[in-house]
Amino acid sequence: MREEAILRTIYDPAHRAHPYALYDQLRQVPVRWQEDGPHEAGTYVVSTYREIAALMHDPRISSDLRKGAQSGGPRTPAAPYTFINLDPPEHDRLRRLAMRHFGPPERSDYLERLRPDIERIAARLADGLQGERTIDLVSRFAYPLPVTVICTILGVPHEDQAQFHLWADALVEGVGSNAPEARARRLEASLALNRYMAELVERRRKQPTDDMLSCMATDAGPEGRMDDPYLVATAALLLVAGHETTVNLIANGALTLLRHPSILERLRHEPDLVVCAVEEILRYEPPVQLLANRTTLDDVSIAGTTIPKGVLVTFALAAGNRDPLRFRDPGRFDPERPENAHLGFGGGNHYCFGAPLARIEGQIALRELVRRLQGPRLVVDPPPYRPSPVLRGPQQLLVEVDGVHPT
Amino acid sequence: MSTAFGDDKRILIVGASLAGLRAAETLRAEGFRGRVTIVGDEPDEPYDRPPLSKGVIAGRFPAAHTALPRCEPLRDVEWRLGVAATGLDALAKRVLLLDGQSIEFDRLLIATGARARPWRDPSQAKLDGVFTLRGRADAERLHARLAAHPNRVVVIGAGFMGSEIASSCRELGLAVTVIERGPAPLSGALGGVVAERAGALQRDHGVDLRCYTTVDALEGDAEGRLRRVRLSDGSALDADVAVVALGAVRNTEWLRGSGLAAGEFGVACDAGCRAIALNFIVTDDFFVAGDVARFPHPLYRHQFLALEHWSNAIEQAAIAAHNMICAPANRRPHLAVPAFWSSQFGVNIKSVGVPSAADEVFIAQGSLAAGRFVAVYGKEGRVVAAVTFNQGRWIEFYQRLIESAAPFPPEASAADRPTPSAPIPVAFPDPTAVAHEATAILTGYDATDRRVQWIPRRRAAPAHGAVNPR
Ligand SMILES: Cc1cc2nc3c(=O)[nH]c(=O)nc-3n(C[C@H](O)[C@H](O)[C@H](O)COP(=O)(O)OP(=O)(O)OC[C@H]3O[C@@H](n4cnc5c(N)ncnc54)[C@H](O)[C@@H]3O)c2cc1C
Ligand code: HEM
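Here the protein sequences line up with chains A and Z, keeping their order. Under numbering that gives the first Met the number 0, the first residue of the first sequence is numbered 0, with each subsequent residue one higher. Under numbering that gives the first Met the number 0, the first residue of the second sequence is numbered 0, with each subsequent residue one higher.
Extracted from the complex, chain Z is given alone in its bound form (with noise of 0.2 Å):
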């Protein structure tokens, strides 16, 4: 077996986490025997994010069992560890590295995801006591410290991140105060009527939640500890503890300067993984993926969408790698329906599409009250996402939908769909800008058979040849 992209060429991967690794693992898995260099500034071998907020900090499990499986051996792979990329030399298709070396290739995937917003003032942020995740060490330091029995844990922000971290403090019985400034908890994610859900869940588990409240300062002792956090309504809590979840930042500033379209945003690329010069240009040795990867999608009227979902960096690794070593012609196009999964407070959710795409809201089966339903997402009569809480067998069902730009509210009569149930408001606190494409579907199973569509406008569902023998 061997690829279009001969033997003699070097891939150099920059970033060694799941997307890196998932990529290299494509690359031999098709048959790409040219040499392969992955850089990675984090000492260790790749490993798996999502357990580091939810089992490791909790206890369960030590952070040293997150290594990330192999699928292929990978033995003939050079592993560069421990060392940061700092500049690409576009033009002389090198990457120069923290140790003053450099590395040359012929082609390069760029997957360097994303780090923990840090707290805005860095010398609070210095405090000890004051926590960000993101790492496996990230992870240690904090476990460490909750073991200790801290008297208050504060978690700044009540995205996915800060709620499992939340839920994480419940487990081993500490006191959690969560400062959010939206509505509730997930809000900016899954919409006020599901978020609302959220907010009680974390209640019901004990945690002191205050909505609509930001944290002014962190204040420290002499000694340099977290002793209070002062917060917007002018009132203070005492806390040994607080952990920083605002969101990510993505890891672009060693591109500043390379001519690719690199920000605080990501790095735009086309459908293909290929990175999107400044000028707007499709350049054809550099691709990127994972949540570094900002990407348009045809299901949202090809706008940019910047995912920090753990299956679309594996997804867009494999599509990248794969377009990295084939023949022009079979290049695939990344056109997976994001999709990602939390589990908090005893609830596993999932997530399809993309909530904030959509106005309207269905609780399609179960109910909200009961803490177990599907929520479907809807925008101009077209189904755009789907949400569940404990009731993530059904996605794919609700996946298909969003695929075929089925018509919102969907018809299916579920034996379980609450009754009387209509759309309401999604209510998001402050709605994104993203649309969904209605006259985009989307074909194919997997990633070698997925295609774009396109359809006339219109508000049924494709009517399929129905052939009914009686």
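Okay, chain A solo, but in the shape it has when bound (with noise of 0.2 Å):
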């Protein structure tokens, strides 16, 4: 394989199930160009671990791509642009206004205080599982678990949730790709979307609940209320940004855990090593493969390579998950893996904004699905994929069990 091509190779779906090689073979050169890619204008790479920390925390790399020289990645032209792709200040302020509401410090109890919700919905799930002997555990349990958490989070009612489901599909279908039919689907879905979160914006400031989105629309916090555009694509942000990916942490993860019996045996009995284990499914086989979405406001010296100005820059986290100058062994899926400083969230100001929640929602699905399923066995290995190699994940997962535990 040409050297420029790697990246061209990691995209191809014939490689879904079996990237690593090819991020090992990334590797070899911390930072280098690719052509094609996520983009047809080609790619600086960097995937080595110490050198994708340290550009994550550089001023000089920016996720607005409008600032480089290329026309950017696929966009919706109908919804501003979100806080995942402003630089500081901007970012920064938007990031505050939303985490008000979401985290610390001014909301550190929220997330433990849906840990029950999310509980009850992962036990309902498994238990619509019950009589079944072989399950699709991606549509019938990864699947609908995160939609259904962002959607109480976010206040969607639930007789809307069915329709926010489909629009949800739509959005993350196919992203990093850029065919025009995903596109197209993509736009209408996010139009689409975004007029009813404008509408429920409205709603939730005549009658605010104790939901997020009521939060923003009614908040009179020091620094305001975020304009409604933005709060209506924040919203939609919150949405696309933790669904598929909360999808695969899930998929992944039952997925790695079939593949490793003993470490399933051992979660039986310790179930509070999945706290753990969810972390080290985040190293192994990372929900999000690439970040395709940086571009360079200067030239930038790196590992012997100058990344010239305004080009886009991809970070490979798959490839920096397994650097072996950071994680001894990292073929190996290891739970009680020491300083486990993963890339699985990003880091720098970008760092993932659900993780806390993704995590929860990470640890307590795998741990339904541990204590619930009877002598579960995968029924295809590799299962196949999604399309997307930055969103990387099953697109089904059967399993056939001997039986479904009463909860």
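Since the hints were made in silico from the structure, they are not lab data. Hints may be right or wrong, so weigh each one.
Below 20 Å or equal to it, Euclidean Cα-Cα: the simulated EDC-like pairs (lysine to aspartate or glutamate) are [to be verified]:
1) Z:K53 x A:E105
2) Z:K92 x Z:E395
3) Z:K125 x Z:E139
4) A:K308 x Z:E139
5) A:K66 x Z:E410
Being a predicted model, the structure only gives us computed values, none of them experimental.
Join the two chains, each given in its own frame, into one complex according to the hints.
As structure tokens, then:
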């Protein structure tokens, strides 16, 4: 394979199930040019842990692709930029305005209060599996859990959730794909979702409830409120950024545990091990494999290479997570790995906003599966994958079980 | 696993706090199986001090919740807590204890840290309501008094400690006056430009801040309770609590007569943490780490730095412990760039390098007015330090600029670089003599591979081999 085309090969769906040998190859040169990949103009790919970590904390790296020379990745023109695609100070301000209603310092107890709700949702989904012998864990469990949770957080009423799920599907389908049909479907869903959210914001402003959207819509904090278009776009961001990622965490997690029966067995007796197991899944099979959304504001010299100003920069999180200079025996799944500072949630100022929630969801979901499924075994290995190399996870995860324990 | 320093050897650590504990853990983690004894004059097992001036005195959590986590079980370490070391017989390799006993050793680690500088007048210092803060017991006493709603708290000295105490008092809704000799809080550590922002922060949070002012006297009533604080401007404040926050004194008295270069400014040691004798010969069996140490730093012309920084204590302790037990050829230098943090009035402050070595400062990101910024400090065209207010996630980047002696002002075009922006004089009230060494750079990423490299004098940063495929 040509050195400049490793990333292209990673993008090729044929390699979706086994990308890690390619990531190892990528890492032979910490920072290098790659043709194609996320954008036809090509990208610099950073694949070693140390260099990814350094550039995530480098103020010359921008997440606002309008500042780059290239036209930027896929976009939905209808919505304003949200903080994931903005730089400080705008990024910081908008993120703070959202975080006020989600976590510390202002709302430190919020997620803990949510925990019983998430446990109930997971238990209900597992209840629904009773009596079945062959189960698709993606469609029946991994998938519905995060959408239901984010609906609860945002305050999407129960009766609208089915429609909400459909939009979410369309939006996340083929993130990282430039195919015109995928783009069109995404745009359509995004417009519909925005209309819906705008309306919901209005409703919540008139009759606020305890959810995040009500809080954001009525905020009277020291920094004021987000303007409505941003508010609507941020709600959509929370849905999109937190959806397929968490689906993949749960599905990748279940798959990995089924491939490591002794660890699965240990989890039955030591349920608290799930906390570290989730971290190790985020390292070993990260739901977000590539971050192809950065550009340089200047020439940046690193690891013997100068990345010129204005090009697209890609962080290969999946490669950094298996860098032997940082993780001993990186190809081994080891829930007891010490100092597991993986890159699964990114790093620096864009470090995943929803990480505490995703962790709780992942822990609750896997604990519930381990507890409820009797004698689970994989039907197809490797399972079929979704097309995206960026948000990578199984399309379907068929398991056979001897039964499903009652709650 | 066995170490060069054999299993039959005895190591004694004096000072059972951050540096002492980290050293003991490193000894065991690196496989030393000989005897390890830790002597400490406080009754408690090692605990963490930074929370004392923050959450503890503000009552957010009890002092008992500050125990330092253990990275190693340390079951086979002998603890001698609640007893002070009173002397060192360097020839006999013996430490004398206050209870009359003594402990012999093959190698010693001195980690006795520092204590709060007391109020200069002992009878005034004894008044009920006058406090200093260094240990857990101090914090408990001070918290109890603050929780009883005193009418006014006077904080003497607006360094990091004084400012954090004032912040905690405001958190409790108490009336606070801060007395500062310099032009602004933190001006000695951060320079006038950034300090002005720290002053605004205090005033915005309702602190009665009096700069260019000192305290002449603390006055009590017949019962020996603090009543008034008399100021250098001739005025007086009614106050029932005064917290003296005038810096720290190194705990070196017990080393008097030992032959080591120990004094008011700490115990001198080399970059390998070996203590230096009064005759300036480096010793083999006496090591130093933490707040009590003074060590030469290659980035600062090998001047001796004495730091009161948490991260310095743990890094230096780990290096000292490593060097105590390894073969001489495997010794490591303590080269970490100085770094510390503080949190006060809702702001997280971080600092790397030595700001007081600078003569110019430059706002590289954010804005002073908004209270969120990165200030980069320069001297003779080099970056020597950086300070962030609520922008701590960028600090590693600036640390690398310091390590590589990058040009100042930095060329980096951050997205939130203010315009226009230009370096301005840093304005230290009394500039100290710390100089930055423009011909040394640090390489490597952690203690195991950190090296000093000498470079010819030049203006630009080292040119990396540029590889551009297009
Ligand atoms: C209130 C407070 C807040 C702080 N906040 C921060 C912060 O935000 N950021 C930061 O970077 N740093 C902070 N620091 C500084 C940091 O805590 C110190 O750098 C660190 O404690 C140094 O550790 P050490 O082990 O060297 O010394 P110490 O912690 O001072 O420990 C020395 C120990 O030795 C004992 N000892 C002394 N003499 C003898 C003797 N003769 N015999 C036996 N034992 C003896 C002492 O009682 C003490 O237990 C703060 C310090 C304080 C007091
Ligand atoms: C396992 C699940 C998840 C993974 C692996 C994950 C991963 C990531 C990563 C790698 C980033 C960094 C993006 C970048 O640097 O450009 C990120 C950002 C983000 N994530 Fe997550 N995420 C997960 C779940 C969630 C959830 C549940 C939410 C919402 C509640 C969420 C909301 C966000 C947001 C809003 C950002 C942008 C943050 C910013 O730009 O400041 N994520 N996530």
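For each hint, the structure was consulted:
1. Z:K53 x A:E105: holds, 17 Å
2. Z:K92 x Z:E395: Violated. Z:K92 to Z:E395 sits at ~42 Å, over the 20 Å cutoff.
3. Z:K125 x Z:E139: holds, 17 Å
4. A:K308 x Z:E139: violated, 55 Å
5. A:K66 x Z:E410: With a Cα-Cα distance of about 18 Å, the restraint between A:K66 and Z:E410 holds, given a limit of 20 Å.
Checked against the numbered hints given earlier, the structure breaks hints 2, 4 and satisfies all the rest.
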